[in-house]
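With the hints as extra help, turn the sequences into a complete structure.
One letter stands for each residue in the lines below.
There are 2 protein chains.
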Amino acid sequence: MPASATPAPTKIGVILFPGFQLLDICGPLDVLNILSSTKILHLSILASTLNPVSTKHGLSGNAGSNFGESIVPTHTFANAPDDLEVLILPGGFGARKEENIEGVVEFVEAYYPKLRWCLTVCTGSAILAKTGVLDGRRATSNKRAFAWVREQNPAVQWVPKARWVVDGNIWTSSGISAGIDLIYAWIAEVWGEETASFVADCSEYERNTDPGNDRFAERWGVL
Amino acid sequence: MPASATPAPTKIGVILFPGFQLLDICGPLDVLNILSSTKILHLSILASTLNPVSTKHGLSGNAGSNFGESIVPTHTFANAPDDLEVLILPGGFGARKEENIEGVVEFVEAYYPKLRWCLTVCTGSAILAKTGVLDGRRATSNKRAFAWVREQNPAVQWVPKARWVVDGNIWTSSGISAGIDLIYAWIAEVWGEETASFVADCSEYERNTDPGNDRFAERWGVL
Chain A
136 MPASATPAPT KIGVILFPGF QLLDICGPLD VLNILSSTKI LHLSILASTL
186 NPVSTKHGLS GNAGSNFGES IVPTHTFANA PDDLEVLILP GGFGARKEEN
236 IEGVVEFVEA YYPKLRWCLT VCTGSAILAK TGVLDGRRAT SNKRAFAWVR
286 EQNPAVQWVP KARWVVDGNI WTSSGISAGI DLIYAWIAEV WGEETASFVA
336 DCSEYERNTD PGNDRFAERW GVL
Chain W
136 MPASATPAPT KIGVILFPGF QLLDICGPLD VLNILSSTKI LHLSILASTL
186 NPVSTKHGLS GNAGSNFGES IVPTHTFANA PDDLEVLILP GGFGARKEEN
236 IEGVVEFVEA YYPKLRWCLT VCTGSAILAK TGVLDGRRAT SNKRAFAWVR
286 EQNPAVQWVP KARWVVDGNI WTSSGISAGI DLIYAWIAEV WGEETASFVA
336 DCSEYERNTD PGNDRFAERW GVL
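Chains as they are written, first to last, in the numbering used here: chain A, 136 to 358; chain W, 136 to 358.
A hint or two may mislead.
For chains that are exact copies, the list does not tell them apart, and a pair is met inside one copy or across any two.
Straight-line C-alpha distance at most 30 Å; calculated DSBU-like pairs for lysine-lysine [to be verified]:
1. Lys232 / Lys191
2. Lys191 / Lys146
3. Lys232 / Lys174
4. Lys191 / Lys174
For the record, the hints were derived by calculation from the structure and aren't laboratory data.
The structure is reproduced here in structure tokens:
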């Protein structure tokens, strides 16, 4: 365990906004669900209100489907615990509507200096980039949405080919499913490789443990 | 597309019960979320009441953690749509408490004859086995929990080494993360391999496309 990970964190927060991508959050959280049976962990789920937050984004391109899921927050941004150590920020198509993420950007910008780690999944890094804390730092994001991501803040050193990128205490992953590899890599950093492997075996998950192993950069033409 | 998949299904239901495993449901559902942007799909989320359903199982072994997530149902078992074509049944530690799944077993037993497909993830197959519809059929389940699963109904032909198993219209997957490979395989069967590959590329997911590729059987000693 690196010195920066001592003592091990226990207070984790995740952020929801309308139109978040379900797996961006539930991939990492279910890994932490399993970890929480052997390590003390507490979860706060933050959103602008306490109303359930839906994955439905209300933007174009749903083919006429009525398909989505809603997760229940535990805290609003206004009454968030002030001692969160880790914050996980998802992406999702909903982030393209400024009104959906307005409170998110303000909250993360104000809260970031208190955090020990900030983890983003998918276009969550584009939201984080809007706060300015990624300026001059290396980060990655969803490969299919990479052109849009770059436009959100060109001052970030966007890394096209990476399953995930670590820069200081900010860990950013590539699109959707990559968040699962990110959280296992982060657990390996904090609690050790043996713990990460054990949890992955419990979840019957085949990890990608190489952050440079990313065929989706080429697949989506962002090299 | 096989004849049995014509016309393509549009009405999908999933079941929640207290202590369900988050990724068992959210893995497959997020794949379907992406698919629903190009194919018409409607989702019903069923539970015993309309109250949010938590992953917390209230059983021993949580290390003192306060960690879990709640998803909001859209229907109760009593007022479920009567035209669902596909039902997805998760597993989870909560299934070990009989009271958590009592309404589930009754609902699935009564509804199964109307379904075109029934998909289970993880120990969801153990719940399905309690209905009797798996008697004499081949099925798989969570490998770490396999001994407990077998005890739930020895009349099932439990397959120890399999990422997933198809028997008739029942598709059962191995533990937790295996549900993601299951849903991609099912999408490939129904809408074709090209569609399944495209959705996986959008989600930046590396599929296991071989149902016999399962190192977790050996890992958890169930061979």
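How the hints compare with the structure:
no., hint, verdict
1, Lys232 / Lys191, "within (12 Å within a copy, 33 Å between copies)"
2, Lys191 / Lys146, "both (28 Å within a copy, 17 Å between copies)"
3, Lys232 / Lys174, "between (37 Å within a copy, 23 Å between copies)"
4, Lys191 / Lys174, "between (33 Å within a copy, 15 Å between copies)"
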